[in-house]
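Take the given structure of chain A and dock chain B to it, following the hints.
These protein sequence lines are chains A and B, in that order.
With my numbering applied, the first sequence covers 1 to 236.
With my numbering applied, the second sequence covers 1001 to 1136.
Mixed in with the good hints, there may be bad ones.
Unchecked claim - Not the full set, but computed from the structure, chain B residues with beta-carbon under 8 Å of chain A:
#1 R1031
#2 L1049
#3 G1051
#4 R1091
#5 G1094
#6 S1095
#7 Q1096
#8 A1097
#9 Q1098
#10 S1103
#11 F1107
#12 A1109
#13 G1112
#14 A1119
As the list claims (entries may be wrong) - Now the in silico label distances, taken between C-beta atoms and shown as ranges:
#15 A:L31 / B:V1088: 38 to 48 Å
#16 A:W190 / B:V1088: 42 to 52 Å
#17 A:T181 / B:D1123: 25 to 35 Å
These are computed hints drawn from the structure, not numbers from a lab.
Note that beta-carbon positions come from the ideal geometry of N, C-alpha and C, so glycine has one too.
These are the residues of each chain, in order.
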Amino acid sequence: MTRGTDTPGGTRAGRVLRENSLSLAFGVLFLVVLAGQAFVGAAQRDADQVAAGLEPLGVAGYVTSSVFWVDVTENWQSEFLQFLLFIGLTVWFVQRGSPESKKVGEAGRETDEQQHVGTHARPDSPAWARAGGWRLRVYSHSLTLVMGAIFLGSWLAQSAAGVVAYNEEQLRDLHDPVTWTAYLGLPDFWDRTLQNWQSELLAVLCMVVFAIYLRERGSPESKPVGTPHEATAVEG
Amino acid sequence: MSRAAVVALVAAVTAGCGGPGDDAAQDVVARFYAAVAAGDGDSACALLLAGAAADLAEEEQAPCPEALLDPAGPGAVLTERAGAATVVTVRRAGSQAQVLTASDTVFLARSGDTWVVTAVGCDPRGERPYDCEVES
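Chain B extracted, bound-state conformation:
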C-alpha cells in the first residue's frame, strides 16, 4: 500500500470516513428549510427519513406534506426556524451527522450516497436525548 493510500485511509477513519461529506449534509438542511419557507411540503418530506415521514403522518393523521407545515403541529416551530436556518456547524461521525443552524439542531443519517433528515426541530434536554418536532 502506498504512503498516500495509508494517509488517505487514516484520514478517512479519523474523520469518520468516506461517502457524502459535511457540505452534502449542510446542503440537505438548507434545502429542507428552503422548502419549509416556501411552503413546499412535498420537497421537505422527500428529504426526511421515510420512517420519520411515516411517523409524522401517523401522529398528525395527515399526509406528511400537510402535517409538516400544519401551524397547529410541527409547522409552527419549523416555519419560525426556517427564518434563521443559516448553517453554523456540521458535526459528522461516520454515517450520522448533526447540523446546527442559527435556530435549530438537525440530525441526519447517511443513506447510500446522500444524507436524509432523521430528526428536525430539536431542542436539547440535558442528559436526555434532544426533543424533536419530527423524528422516527
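Chain A with its partners taken away, still in its complex shape:
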C-alpha cells in the first residue's frame, strides 16, 4: 500500500476520504448490511434445514441460492424504480414548499441556456453537453437511462431468482414446478414486486411533503431551518 502524498490540505488519501465521504459511507454501509443479510438469512435457512431433519447448507450455500438473490433483487429493483420516478416526475410535477421540487411554474425541460448545453455550454461543461446532436440527447437523459436499466435488470433478476425460489417451495410441498413465463403471472411475483413499490412510493411522498414543514439543520436534503414553509426549491 502506498502512502499518500502530503499536500497543503493533508495527505492525498485524506483528501480523497473527505471529498468522497458520502459515497464511501454509503458503500461501506451497503456491504456491511448485505453481509449481515447473508449471515442471518443463512442462519434462518440452516435452522429450517435442521428442523426438517436435513444437514445445514452454510453461508456459501445460502449466498448462491435463489432464495437469497430474490430477496436482494426485489429490493434493488424497487429502490432504483423509486429514484427513476423521482428523477423523471420532478421534471414535470411540482410541490409548493418542498426542497425536492422545482419552483411552481418552472416545470418542464428548461431552456438550453438554463441547462448550459449546445451554444450555451460552458468551457467546463461535460464534453457530451457541448457536443450537440445524439450525444447531447443521450447525455441529457443519461441519469434516467442508467437508473432505468439497473431497475429493469434487477427486476429481471428478481423474476429469474424468484421462479427458482418459488419452485423450491412447490417441490417441498409436493407440487410440480412452474416455468418462468408462468411465474410472471403468479401472485408470488407480483406480491414481491408491489409490496416493495408501495413502500418506496410512500417514502418519496413523505420526503416531498415532510420537507415542507420539517428541517434537518445542515442537510442539503432539507431547507435551512429558518426558511419559510412556502419557499420552494431551496436546499440547505
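Below, chain B alone, put in the same frame as chain A:
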C-alpha cells in the same frame, strides 16, 4: 470480481445454485429403486429423509426396511414401479428436486452435499399435492 466469476454466479443463481446437481439426484433415485428391486430395505431406507422413514415405520407399525417392502403396504406399489425406474427427467430448484422415472415421481431434498428422498411412489392429484406412498 472477475467476469468469469460473475458469469458463474449468475449461472448458479438462475439454475438453482451450487451443491449436488441433477446427476446426484438421479443417482439417489436409481440406487433407491435398485435396492427396492433387490429386496434390500435397509439400503432403500438409508436414502430416505429420516422423518419420512420414521413416519413410515410409525404408520406401518414395523421397522422402515420391513414396512417399505411390505406387499400389503407401500411395497406393492414401489416394487411394481422399481421395474420401470429409468429416470426420464430431473427438475431441480435450489435445495429441492423432483425426479420423474418411467413409472414414478420422486421428490428429494438437499442435505449437506447429497440428496435424500422426501417422498416416493407419488401420483398427481391436480391442484392438490402429490399423493405419495412414502412421505414425511
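Q: Please flag the earlier hints that this structure goes against, numbers listed from lowest up.
A: The structure conflicts with hints 1, 10 and 16, although it agrees with all the remaining ones.
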